[in-house]
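My request is simple: use the sequences and hints to build the entire structure.
Numbering (our numbering), first residue to last: 2 to 237.
Since no wrong hints were added, every one of them can be taken at face value.
Restricting the straight-line Cα-Cα distance to at most 25 Å, the calculated cross-link-like pairs of lysine to aspartate or glutamate (DMTMM-like) are:
1) 14 x 95
2) 14 x 82
3) 14 x 125
Hints in this document: simulated from the structure, not taken from any laboratory.
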Amino acid sequence: MAILLRLLRFAYKYKLFTLIGYLCLIGTIILNLVQPLIFRQVIDVGIGERNSTVLMEMAFAIVVVNVVSSFCGFGMSYCNEYVSQRVAYDIRNDLYDHLQRLSFAYHDRASTGELMSRVTSDVEHSRVFVGTGVLQLVNTVILYVSILAIMLSLSWELSLVSLATLPLIGITAVQYGSRVQPLFRRVQRQWAVLTALLQSRRLPGTRSKFPSARRKTMRFSNATSRPPAFSHLCFQ
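What follows is the structure, given as structure tokens:
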């Protein structure tokens, strides 16, 4: 949790773009919630009562809602991508400065491949968390709470029926997360091992053949096959 809070502090430097992005997110959620109410009017009044005036008004309302929702979606994507890219830039700079201040003994012990993995893969995952992960979390919470409130206000009996499967979905999600998170960490560690292996075997120039080619190939294959779910998780 402390690491996540540190990442969010990087985003706080760009609070204006962050605020605009989340305001656009809230606007998108509100417009998405309005659309079912518009369709209800279309079905109940426009079609049910054969009211052509209501049909025309609701058709115009749907067009307006979708146009405004598109602008909000663009603003949300632009602002969050801007913030995430700036955060990744700042993290890389801070990480580089930190590496420059470490002792020679540390660099003698540390693997160059692991450091490369930290600078590239880990920073990229941090960027995705700031730009997409937090956004999706806020979006999901606000959206589901709003939907639940509207459902209960319309019919609490039908709402309870529709929510009957919610505990099962929650249990499944928790079990899935508890299984995937350790595998994801193993994948990250294996990426570091693989990067270190590639870096340690990097040779200047081009060599067409060398005696230990088969042994090196087997070692590389073994590195890419551990853990068992390594390839599956990376490319799905």
